[in-house]
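Novice: Residue-level listing of the chains:
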Amino acid sequence: MSTTALSPALAGKRVLICVGSGGVGKTTAAAALALRASVDGRSSLVCTIDPARRLANSLGLTALGNAETPVPATALEPLGVHPRAPLYAMMLDMKQTWDELITRVASPEQRERILSNRFYQSLSTALAGSQEYISMEKLWELRRSSNYELIVLDTPPTAHALDFLDAPNRVLDFLDNDAAKWLLTPALKAGKLGMSLFNRGGYVMRGLARFTGTEMLQELSNFMLAISSLNEGFRERARGVRQLLEDPSTGFVLVTSPHPERMDEAIHFHKMLKQHRMEVVSLVVNRVHPMPTEALWADAATLTPSRRAKVEETLREQHIMAEQDHTGIAQLQAACPGVPIIQVPRFAMDVHDISALWRTGRYLVGDETLG
Amino acid sequence: MAGLLDKRLWIVSGKGGVGKSTVAAALALRSARAGKRTLVCEVNTQERVSRFLERPEAGPEVAQLEQNLWAVNVRPQEAMREYGLMVLRFETFYKTVFENRLVRQFLRFIPSLQELVLLGKIMFHLQEKLPDGRWRFDTVIMDAPATGHAISFLSVPQVLIQTVPPGPMAREAQKMRDLLVDPAVTAAVLVALPEEMPVNEALELHAALRDKVSLRTHAAVLNQSFPERFTEADLEALGGHPELLAVAQAHHDRAAQAVLAGTKLERNLHAPVYPVPRLFTPEFGRKAIEQVMEHLEPLVTGAA
Numbered sequence: 001m002s003t004t005a006l007s008p009a010l011a012g013k014r015v016l017i018c019v020g021s022g023g024v025g026k027t028t029a030a031a032a033l034a035l036r037a038s039v040d041g042r043s044s045l046v047c048t049i050d051p052a053r054r055l056a057n058s059l060g061l062t063a064l065g066n067a068e069t070p071v072p073a074t075a076l077e078p079l080g081v082h083p084r085a086p087l088y089a090m091m092l093d094m095k096q097t098w099d100e101l102i103t104r105v106a107s108p109e110q111r112e113r114i115l116s117n118r119f120y121q122s123l124s125t126a127l128a129g130s131q132e133y134i135s136m137e138k139l140w141e142l143r144r145s146s147n148y149e150l151i152v153l154d155t156p157p158t159a160h161a162l163d164f165l166d167a168p169n170r171v172l173d174f175l176d177n178d179a180a181k182w183l184l185t186p187a188l189k190a191g192k193l194g195m196s197l198f199n200r201g202g203y204v205m206r207g208l209a210r211f212t213g214t215e216m217l218q219e220l221s222n223f224m225l226a227i228s229s230l231n232e233g234f235r236e237r238a239r240g241v242r243q244l245l246e247d248p249s250t251g252f253v254l255v256t257s258p259h260p261e262r263m264d265e266a267i268h269f270h271k272m273l274k275q276h277r278m279e280v281v282s283l284v285v286n287r288v289h290p291m292p293t294e295a296l297w298a299d300a301a302t303l304t305p306s307r308r309a310k311v312e313e314t315l316r317e318q319h320i321m322a323e324q325d326h327t328g329i330a331q332l333q334a335a336c337p338g339v340p341i342i343q344v345p346r347f348a349m350d351v352h353d354i355s356a357l358w359r360t361g362r363y364l365v366g367d368e369t370l371g
Numbered sequence: 001m002a003g004l005l006d007k008r009l010w011i012v013s014g015k016g017g018v019g020k021s022t023v024a025a026a027l028a029l030r031s032a033r034a035g036k037r038t039l040v041c042e043v044n045t046q047e048r049v050s051r052f053l054e055r056p057e058a059g060p061e062v063a064q065l066e067q068n069l070w071a072v073n074v075r076p077q078e079a080m081r082e083y084g085l086m087v088l089r090f091e092t093f094y095k096t097v098f099e100n101r102l103v104r105q106f107l108r109f110i111p112s113l114q115e116l117v118l119l120g121k122i123m124f125h126l127q128e129k130l131p132d133g134r135w136r137f138d139t140v141i142m143d144a145p146a147t148g149h150a151i152s153f154l155s156v157p158q159v160l161i162q163t164v165p166p167g168p169m170a171r172e173a174q175k176m177r178d179l180l181v182d183p184a185v186t187a188a189v190l191v192a193l194p195e196e197m198p199v200n201e202a203l204e205l206h207a208a209l210r211d212k213v214s215l216r217t218h219a220a221v222l223n224q225s226f227p228e229r230f231t232e233a234d235l236e237a238l239g240g241h242p243e244l245l246a247v248a249q250a251h252h253d254r255a256a257q258a259v260l261a262g263t264k265l266e267r268n269l270h271a272p273v274y275p276v277p278r279l280f281t282p283e284f285g286r287k288a289i290e291q292v293m294e295h296l297e298p299l300v301t302g303a304a
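One line per chain: the protein sequences are H and W, in this order. Using this note's numbering, the letters of the first sequence map in sequence onto residues 1 to 371. Using this note's numbering, the letters of the second sequence map in sequence onto residues 1 to 304.
Derived from the structure by calculation, the hints contain no laboratory data. Any given hint could be a false lead.
Quick list of in silico lysine-lysine cross-link-like pairs, DSSO-like style, CA-CA up to 30 Å [unchecked claim]:
#1 W:K264 x H:K310
#2 W:K212 x H:K95
#3 W:K129 x W:K175
#4 W:K264 x W:K36
#5 W:K7 x W:K287
#6 W:K36 x W:K7
#7 W:K36 x W:K129
#8 W:K287 x H:K310
#9 W:K264 x W:K129
Let the hints inform the model, and build the full structure from the sequences given.
Specialist: In structure tokens form, the structure reads like this:
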């Protein structure tokens, strides 16, 4: 039996982060990895983002919430395996996690001013990279405050790899923004915008105000004032997050599908991870079409003409899909030399049930292989 | 049933990876062939439409791809510049304010400003006129971002109207919203695949567009559908060939999924669903887009 690069990672890493474009099966891969690790004897937590409700159901939970929940043993019964260590699952609620973070770092009187400010709402929900940031911040928090041997993190569907890797910097930028300080200082000092018309900042501010409206800038400066005192706390935590991502006990699993566009995105993502000195344990290509074997064609030739035609048509289509996938995977390998690629076949039905998770896991560690 | 040709703004969205750009490209080609001056807008992304149609990249300025067909990749920096110039009028003033590195950095944090200028540019082209008074573009097709992002993108005008103090941003927002919610102007086309998550996302998108943007779903496209091929009798007859049966069964299941997905979409969207079959072409280029276009004929013309 062969093993893949994910097999030792499941046994040795403390954190695995599944990254990739949306719709490639990241959540499934993350759940499959945590399930496998717990069956093999390491206590594991899978932290997902917005999973299909059926994923929660297949883990024996009615819904996944922002708290870590043990997966009941009954959910795993259909597999006929008994996990040797507990499995936990949770779903990250972005807004709630942000609120918790602010509550943790802000003094009680600052807290309300920040939480109710509309710029905070935009920071916690809309600012590019803020979801990515909060999911990594949560990971760091979990890693510090809990004893799971393995945490598998699913990540938001990120269109641009940089949003993800750059997220801590962007959020710090937002909180400790030289531009904002420079522009708003005269306003802050005067307690009112537009007072110091003769300095450069004032001139630019008036131009901006024509663009956004004065009140908007006034509110933004209030927010900046309220949040600037939190910088030190944030800065320290962001450093912690960064260290965790670079730690040798942390690995990235880059998930993709054989679709050419997804492959391009995976290649770009891989390049970015390398540049940031993050370890890519493995590339996972999901939903690969297997090539029909010679035996299948020979068998099809024995059918009655009308059925033979239908079956051969289907085999031809499969052949084309398998060939497209194969070409794509070869290009992926050429673009990411030295990174192991694991292929997971497309399963007949589109299901998130526990046995599909288990089978996915078997391919991920190399119990089964494609082709 | 009115066809898309009766509308001026066609918004195409759906889950990531379902083929939004494919559908947008096919619709654009069809609109251009109907003699409509057509602009297809991609939103700050890797350009796909021009590639599918085997034309050079359009880039951030409107570029003509072929007769009656133009494309643009709307990007925040260029859109911001155009918007800034419109508001501030003077190039030098604009430069002092907006080409300042610190200001640029700062602008990123004004909520929804980026979305506002991106959407604003598209809406600007929708209202643009030729010297003789005709529309510069009869049809504007928006290859919108994927579900979650599309909802926040398209609801920006509504959100701004509700939250931003009166001012230039709020006024722009009001103008855009009026066009977006006008069913005589705008039609939303949701794209899905015959799989659980893409269908669910289409339903979520439908509900969110209805509730947050007051935008009605015009139709759905079920992309990469597998047509039914094997009958129950076929499957039974393959009983002696277990491996072939698995192949046939897999096809049968995918076809069944397509039927199921179509029904689910139709019931919940109260809008027609147009299936486009999975194409088996080695290269996905202009020929494939033309094939997709043929399947979308009733959606475009409104003919039954």
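Novice: Look at each hint and say if it fits the structure.
Specialist: Hints, one by one, checked against the model:
1. The suggested pairing of K264 (chain W) with K310 (chain H) holds, with an alpha-carbon distance near 28 Å, which does not exceed 30 Å.
2. Between K212 (chain W) and K95 (chain H), the direct Cα distance comes to roughly 19 Å. Compliance with the 30 Å bound is thereby established for this hinted pair.
3. Between K129 (chain W) and K175 (chain W) the CA atoms are separated by roughly 17 Å; this keeps the pair inside 30 Å, and the hint holds.
4. With a C-alpha separation of about 33 Å, the suggested pair K264 (chain W) and K36 (chain W) falls outside the 30 Å cut-off, and the hint is violated.
5. A hinted pair counts as satisfied when its Cα atoms are at most 30 Å apart, and K7 (chain W) with K287 (chain W) qualifies at roughly 26 Å.
6. A distance of roughly 11 Å separates the Cα atoms of K36 (chain W) and K7 (chain W); the hinted pair therefore holds under the 30 Å criterion.
7. For the hint pairing K36 (chain W) with K129 (chain W), the CA-to-CA distance comes to about 14 Å; that is within 30 Å, so the pair holds.
8. Taken as a hint, the K287 (chain W) and K310 (chain H) pair is honoured in the structure, with Cα atoms around 25 Å apart against an allowance of 30 Å.
9. Taken as a hint, the K264 (chain W) and K129 (chain W) pair is broken in the structure, with Cα atoms around 41 Å apart against an allowance of 30 Å.
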